[in-house]
Amino acid sequence: MFELQAGRFDLPEPGLCFELPAPVRIPVHSCIAVRGENGVGKTTFLEHVLLPQLDAYQVLYVAQDIDVQVNTMRATLAFLDHQAPSGLTDLVQAWICAASDASVLILDEFDTYMPQGLPAEILLSFAWVFFVSHQHTPAVYARFQHGLAVQLTRPAHGQTVQMNVEELWSRSR
Amino acid sequence: MVTFKVTGIFAGIGLFFGFFVFGPGYSALAAQGLLLGIFFIANTWRNGWASTRTVCATVLPFVASLLFFGVIFDWMLLLGREDWITDSVCKAIVFPNSFLVVKLGLERISFQDILRLPLSPGPRRVCIIFKAVMERCTPLLHRHRFFMDISPHFHHQRAALLKKLCATIVATYISIYRQTEKTQTLFDHRQQYMRKNR
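First to last, the protein sequences are chains A and B. The numbering used here applies: residue 1 is where the first sequence begins, and numbers increase by one. The numbering used here applies: residue 1001 is where the second sequence begins, and numbers increase by one.
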């Protein structure tokens, strides 16, 4: 079980403040959709609020600026003595598979670069998958036992981002 | 006017290196410290606190390793020398000073300045591409460091920190190389388009 802590998260550099009114307990084998309008702060939430809380876990973060991150992926695979495929999809998959102990996967608008998404066997091997997507949620995510949505809203384009969590589905084994 | 400006900037950088890096000013710690303060204030005034924090994050690993090895060498009395710590402190101040003087100097040269310089097309193209690539790639080092810091790939591996550092440097190099190729292609295409439409 992973708990997203409640509170007020002040981020002076992006100039935003994230508020979560109550802690959120996220069971194992959950997919969590991070939703909100363009510019509301989804990536800032992932990098400055969520990632620091996932310190105890091994996290794979596929960023929105994948065109920059691919070079980090190539260098990482090279230093692990793994082959770095030339295609983006194969490269990301190879990079993910090279970290066999990772339990958390974060995908920031990855469907922009890979509309068909990652293979189900890769996605479902993670305990928690957080994803940001403006497109229709792929059916594979419904195979997770639990589904949640974190809705980010910024009233009147102010500096405070409200976070509301909704449970979409929950199935027992 | 632009020629004087650019010549002045390069002359200033050359004078700094000639006196404070390779000359008698190298071991003048008080002067080096004062310069460091001036450069940090100038960078903050021109580019903001975030930029100064970024500069500190960039130079800190190098400064830390200089001091670390200085202490180790001093303890070992390497080569019979007893001044390793003093020398390392000098290097630890000269390095960020050199970084900042080049950064602040080159930042003052705009694309308009490059266009107005009396350069032939080949060198002008090189200068434009160099400036465009540096502006684009400067933030990338920190982004690569961020990605590498959160990456779990080197956990439980020997020399994990060293591998992460090397991978960050390699990633940055790849980014610079690819950005240079892209910028060159873009520049050449635009030039061809403008010539076609003349």
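Treat the hints with care, since some could be wrong.
[Unchecked claim] Below, a sample of chain B positions facing chain A; criterion: calculated Cβ distance under 7 Å:
hint, residue
1, A1132
2, R1136
3, L1140
4, H1142
5, F1147
6, I1150
7, I1174
I should point out that these hints are in silico values taken from the structure, not numbers from a laboratory. The beta-carbon is built from N, C-alpha and C at its ideal position, and this holds for glycine as well.
Take the shortest C-beta to C-beta distance between H1142 of chain B and chain A; is it under 7 Å?
violated, 11 Å
Would the hint on L1140 of chain B be counted as holding, given a Cβ-Cβ threshold of 7 Å to chain A?
Interface hint status for L1140 of chain B: holds (6 Å vs cutoff 7 Å).
Using Cβ atoms only, decide whether F1147 of chain B comes closer than 7 Å to chain A, and label the hint accordingly.
holds, 4 Å
Identify whether the interface hint at I1174 of chain B stands, where standing means a beta carbon of chain A within less than 7 Å of its own.
Holds, because the Cβ-Cβ distance from I1174 of chain B to chain A comes to roughly 4 Å (cut-off 7 Å).
Hold the hint about R1136 of chain B up to the distance rule: shortest CB distance to chain A must be less than 7 Å.
Violated. Min distance 10 Å.
Could you check if I1150 of chain B really has its C-beta closer than 7 Å to a C-beta on chain A?
I1150 of chain B check passes; min Cβ-Cβ to chain A is 6 Å, inside 7 Å.
Would the stated hint for A1132 of chain B survive a check requiring a Cβ distance to chain A of less than 7 Å?
violated, 16 Å
Violated hints, in rising order: 1, 2 and 4; the structure is consistent with all others.
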